[in-house]
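**Q** Read top to bottom, the protein sequences are chains A and B. The letter at position 284 of the first sequence is residue 284 when you use UniProt numbering, and the numbering goes up by one with no holes. The letter at position 5 of the second sequence is residue 5 when you use UniProt numbering, and the numbering goes up by one with no holes.
Treat the hints as calculated values from the structure; they're not laboratory data. Predicted model, so just to flag it, every value in this text is computed and none were measured. Mixed in with the good hints there might be a few duds.
Stated by the list, open to error - Each pair of labels, with its calculated beta carbon distance range:
{"#": "1", "chain 1": "B", "residue 1": "Asp163", "chain 2": "A", "residue 2": "Arg83", "range": "55 to 65 Å"}
{"#": "2", "chain 1": "B", "residue 1": "Thr99", "chain 2": "A", "residue 2": "Gln199", "range": "20 to 30 Å"}
{"#": "3", "chain 1": "B", "residue 1": "Ser258", "chain 2": "A", "residue 2": "Asn251", "range": "24 to 34 Å"}
{"#": "4", "chain 1": "B", "residue 1": "Pro222", "chain 2": "A", "residue 2": "Ile246", "range": "54 to 64 Å"}
{"#": "5", "chain 1": "B", "residue 1": "Glu77", "chain 2": "A", "residue 2": "Arg83", "range": "47 to 57 Å"}
{"#": "6", "chain 1": "A", "residue 1": "Ile234", "chain 2": "B", "residue 2": "Asp163", "range": "38 to 48 Å"}
Note that CB positions come from ideal geometry on N, CA and C, so glycine has one too.
Protein chains: 2
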Amino acid sequence: MDSLHCPAARFSITCSYSREHKLRIGVGRFNRIVTAKMHGRILITADKSSRRMVPAASMAEVDSSTKTRIRQNIPTEKQLVDRFRQGMIVEGGVGYRQTVVIRSYEVGADKTATLESLLNFLQETALNHVWVSGLLGDGFGATHGMVRNNLIWVVTRMQLQVDKYPIWGEVVEVDTWVGASGKNGMRRDWLIRSHVTGQVFARATSTWVMMNQQTRRLSKMPEEVRAEISPWFIEKNAIQETPETIKKLDNTAKYINSQLKPKRTDLDMNHHVNNVKYVNWMLETIPEIFLEGYQLFNITLEYRKECGSSDTVQALCQPDEDGAQGVNGKIHIEQPQASEIGDAPSSESPLSFTHLLQITGDSKTEEIVRGRTTWKRKPKAIH
Amino acid sequence: MDSLHCPAARFSITCSYSREHKLRIGVGRFNRIVTAKMHGRILITADKSSRRMVPAASMAEVDSSTKTRIRQNIPTEKQLVDRFRQGMIVEGGVGYRQTVVIRSYEVGADKTATLESLLNFLQETALNHVWVSGLLGDGFGATHGMVRNNLIWVVTRMQLQVDKYPIWGEVVEVDTWVGASGKNGMRRDWLIRSHVTGQVFARATSTWVMMNQQTRRLSKMPEEVRAEISPWFIEKNAIQETPETIKKLDNTAKYINSQLKPKRTDLDMNHHVNNVKYVNWMLETIPEIFLEGYQLFNITLEYRKECGSSDTVQALCQPDEDGAQGVNGKIHIEQPQASEIGDAPSSESPLSFTHLLQITGDSKTEEIVRGRTTWKRKPKAIH
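Same shape as in the complex, but just chain A (with noise of 0.2 Å):
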């Protein structure tokens, strides 16, 4: 593994993966508590202030020697049912499976849950499978083990497909569960499906690393964290990927929006901004005429390095040039006709966008993260 560098950053964690496989962390602002990222939102935490279990009546209570409110009641055994998360353990002892009604506000303009929200459920699930699974030690999914050799975990890689958008009031079951990735790594896959007919409505996967967080480095699976969750890795793959290497843009690219800047809201616990205003940054860039006619059916981000609540971020989008995606090198949007647009994915070819998000500096700029995106024709809107 490379090694990793720590540079002064008292108030913020920055956390890049470059192609090299370097790994760069700073210091969080509670300083007790490092934290990786979850697709950008925060992932993993080690908190060496609580790596005792303590049992208790409520989930949260005042520690009343520090004041401090606390997340308790943490399971140190596995559980097959948690009857307040709606969620269980399926395929066999190691998957998990939460049951989710889509509410009023997690959905959009036309009445479907918004990619948000799907990408919310999955974090959700994520923590919840860790939670049942009696090995979490505390805060964002880190193992008992992984709390002893201080390991934190680091999303490099994430894929959502989305074949079919639930609408409000819709009960759907998410199901997650993990795999390995090489030696080290570890596969996270999800599906959602309805909770009624079975069908799938979406697909993902994402790639996770090891990371010491105090020394900053990369670090191969200790023993002791193989012997906790190899136990729970199945061969089994939500979407059969196909590897691809998102092209790098630059300044030439066809949409750029600058100088966006976080808001307090946008921030999340480690005053970072997270995943789902990154997707909204990306998403932005592309024309409103095209968003209206057209629905997310894939995304893929690659993630380079957080973004912190002083930076400057300037978002990249470039349409695909080739084939149906475009002419001569400029997209060619209709708006959609009312007859053109069914509930069955159209025939034509999908259309593609590749993104960038990057921090713009005085002498350079950073990457944080590299999308792709690719669209279909909406159906019908609901009534």
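Assemble chain B onto chain A, guided by the hints.
**A** Below, chain B without anything else, positioned relative to chain A:
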């Protein structure tokens, strides 16, 4: 009741409720769906095309004749329990309680539920209350009798008081119930409590009036609607209201953010800015240094007009100038010291701000919402 006017607003619903009790509502993008809003989000929809009840296996199925997907399985009789939504009827058969786990993406930088999440819970439980009551015609909470009379709800006032923000993973119960408000209005209240201890975390109340979606006039409550909903009314107040008129700010306000433009993801299904965005715009006018040390204790909103996707908005904010809340018209914001930050409310007077969001046009400005916020010092950070 005063008259209502319907300006030709092809792509937007505009709804104003002035002091003179005039309501104006334009025509929605989807011309079969006319909708009022619940504190800025969509509130009540009367969809004339969907009066029929369609029992079906799924909450959302493809109607093969039209290729549209619609909400189905809407209960036609009162349900005592909704296992998917983790809801149940309480309060002697007229109140609704829903158990909610605070999810990982519903918390902010301090690991406690965001104001946005709490406001979302209020909307969701209100709609689910109507859902389980068996009274839901379709859409956003209109009863069968309201649909027959082309009536929709319009929210005029909303108040939320937060004693304690629940933390990530905490299990809370949201109770909601309705009561009479004057002769023709309705009050809806909420309590958010710890599932384990019963401790009240937050209280909220709101006021609603009924209007005819076609004539755009405020309406008396028809007897058939009164017969439907009055059996659900109880005399119980979550907050003892202290009627207070929020003064209108002008351009002499201390903090002003201008040229605010809604983004695509800020819009709800009526292509209007949703309430959470309103609140965010309001709070973003407050200096960052203040927001770091204080948390919102009370917010009161008086709704005047909806904000559409093409509007340009100005947010005005004025700190209170009297007593402990300010010095010579300038709010005195100190960086809170660690020793001063406790979990209990501070004994010092809370700080207050007055807010106004208005649409700025070429010739005139139009009020969207007036607000008042009160703040207290934050408890210590959660580890």
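**Q** Now look at each hint and say whether the structure bears it out.
**A** Hints versus structure:
no. : hint                               : in the structure
1   : Asp163/B with Arg83/A: 55 to 65 Å  : 27 Å, violated
2   : Thr99/B with Gln199/A: 20 to 30 Å  : 28 Å, holds
3   : Ser258/B with Asn251/A: 24 to 34 Å : 30 Å, holds
4   : Pro222/B with Ile246/A: 54 to 64 Å : 59 Å, holds
5   : Glu77/B with Arg83/A: 47 to 57 Å   : 26 Å, violated
6   : Ile234/A with Asp163/B: 38 to 48 Å : 45 Å, holds
Hints 1 and 5 from the list above are not met by this structure, while the remaining hints are.
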